[in-house]
Amino acid sequence: MSAWKASASQALRRRQWEILSVVAALSSMWIVFTSALGKMPQQGSASGCARCHPAQEAEPLTPMGRALELPGTNATLSSHPNLTFHKAAYTYTVETHQGKSTYSVTDGAHSITVPISWTFGEGAQTWILERDGHFYESLVSYYPSVERLDITTGDEGLTPETLEEAIGRRLSEVEVKACFGCHATNAVINSELSLRTLKPGVRCEHCHTGVESHLISEALSGGGDLESAPPALGRLSSEGISNFCGQCHRTWDLVVRSGWRGVSNVRFQPYRLANSRCFDGTDHRISCVACHDPPQTVVRDEVSYDVKCLACHAASSSNGLVASPGKEEGCPVAKSKCVSCHMPRVRLPNGLMTFYDHHIRIVKPGESYPY
Amino acid sequence: MASANCRNHLKCSHLRFVLAGLIVVLPGVASAQSNSVAFSDLVSKAAAARIENDLPRAIQLYSQAVQMNPNWKEGWWYLGLLQYQTNAYSVSRDALTRYIALVPDAGPAIALRGLCEFETGEYGSSLQDIERGLSLGAASQLRNEQILRYHEALVLARLGKFQDALRAYAWFARKGITSAELIEEIGLVGLRTPKLPEQVDDKGKSLFVAAGNAAYQYMARQESEARASFQKLFREFPAASNAHLLYGYLLFEQHPEEAIGEFKRELEVTPSNAGANVMLAWACLMQNDPSAALPYAKRAEQEEPLLPVAQLVLGRSLVESGDVKIGTHYLEKAGQLDPENLEVHIALARAYSETGRKEDAWRERMESLRLTGTATAPMGNP
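Residue numbers (the numbering used here), protein chains in the order written: chain R, 1 to 371; chain P, 1001 to 1382.
Hints listed in this document are in silico derivations from the structure and should not be mistaken for laboratory results.
You can trust all of the hints, since none of them are fake.
FRET-style restraints, in silico, Cβ to Cβ:
#1 P:1176 with R:170: 17 to 27 Å
#2 R:107 with P:1101: 51 to 61 Å
#3 P:1040 with R:333: 57 to 67 Å
#4 R:156 with P:1105: 25 to 35 Å
#5 P:1340 with R:84: 43 to 53 Å
#6 P:1265 with R:328: 51 to 61 Å
#7 R:178 with P:1097: 45 to 55 Å
#8 R:314 with P:1101: 45 to 55 Å
#9 P:1176 with R:70: 34 to 44 Å
#10 R:328 with P:1091: 50 to 60 Å
#11 P:1321 with R:84: 46 to 56 Å
If you want a taste of the chain P side facing chain R, the calculated C-beta under 10 Å gives, among others:
#12 1287
#13 1350
#14 1372
Beta carbons are placed, not taken as given, at the ideal position from N, Cα and C, and that holds for glycine.
Could you build all of it, start to finish, from the sequences and the hints given here?
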């Protein structure tokens, strides 16, 4: 019995020692971990990623990085503190004072005022408004091309019959998630809207899932941990990239399925690109990322895109076409600024915004807008 | 019988429909050009008989006139119209076909031919003509649109395209147009029952009316009333096939998670329900989860291998989870079973594009665009 007791006692002490060892190990790991966290800038922020990817440091300042802005950061509204617009019987006012903006609509007798908590869009701005537990897409938006308010693109056909309807289009649950899901980061978690975790704009982890665990691994390992890196989006095919970007910029499938025809679909670039005769889902020379680097500001210089066209097409010279084996025919008309003719700029029917048509083609004089 | 009454009621409106159509058609109709005195005489007599409502004589005279001058557009139009009014649907269809050959974009004539084809049981052609007629402006007035949409829904139901038929009936719900017959027909379509209302006994009728009422409320955007009606339906008819599928289908667009729950409940009631498996696979595909879609898609295909959408979801699940070659095979099979299915062409475009079949992908894209026509749906949000 006593032998048994002694043995049991030894076993207990051994077990206690093991537990203490594990606790000690865990504690030291925790210290390392928290210390690493302390060294780690805001998880998934551009500055966090920029430690190793310095080229992406400017990401929060790009149009995508500013796809959603919170109160106090909206320079456009600060510089236009009193905006007014009339539509039928309603008058709209957007007022900004000390970084806080309000959206008001009145029919002359009554009025509704809602604080602007979420500004969508870096150029043209639309506001998602919350009132009595419902979300509304503001019926008027700010357009930099005219520096004033006008009807929100796509809502031109709405004719509000009540003051509440005049605020804007009431959004369904699915639409709210889609709006915040595209314009912000961490706004939709497990298919549920999560405004508490929302980070404004399209941040690195919006597209590169797994950034946070990669940052933690990097901090713990001291750097160079490539195994935890998010899957490289650059490995997707052109078709895959088109569908990936199309989750927000609208896929070809969605536009066709929805029957969105006519000039207004010029803003859905993946759809327009896929309608191009030259689009090849397996050719990396024609994809969203062949011409655009999402974490960077969009390049506006038309000449800079010539090199992208010449990746497939033969160059032309002042004397005519340059023969180039293995390449598509060159342009007999011009030798630079390909996009100015082959991707013409198209103005939306409301006249307030202009987009390059990504349906690459030989544009014939007088032809109607295809599809 | 009730349904027949409803159709008869609507058919009484056909005259108004075609007369309204004339407003569109006649400006495009050239007047009789023949120099023949005999022809002019025939034309005058035919018009007089028509105005006097002497239909047999008018038909006889118009027939003689178009034999004399087969390019006389107005003659073919009136001949088709008058024959339709006398329930001579097949000859009316033929006369309208001659007219349409001379005036290819005559929306009202094409729509009227679609109504003839409905009566002669040529449902495929009927659907094509009604839809083309609608796209060419045959529904210029609410009354006309009501007649055409109603027949479109009936044709779709006859063709077994229950979901499309339900979408067609949704137009009535949104407009607040209702009748007992309409509710029962919605119930039949909603529960995927290939029967006419007159073929249903009284016991069955209460099920279809309850289902039709709940679906109508949902489509009329009376969501809370619809929810209560569906719960009542489930309590009263716990073993009814396709009831949870119907509810899930209606919920799917706005409440996909709830819809998935209903599809799963449908499988508890009818484990071999291919439609529920298809919808579950589709829901997973919409959530970009092709691996989760695959088992449902496989079961749907096993249950109903000739169901085009079963082939479609299986093809898509395979393509999107990396098995492009086999997936494409299923998609092509779906295309053979239902060549006009837009989703099949969209999926094929993607599958071909992923595998570098550039020309095939482009062809499928163009086919998809052809199928969606030139109708412009409103584009919400910026």
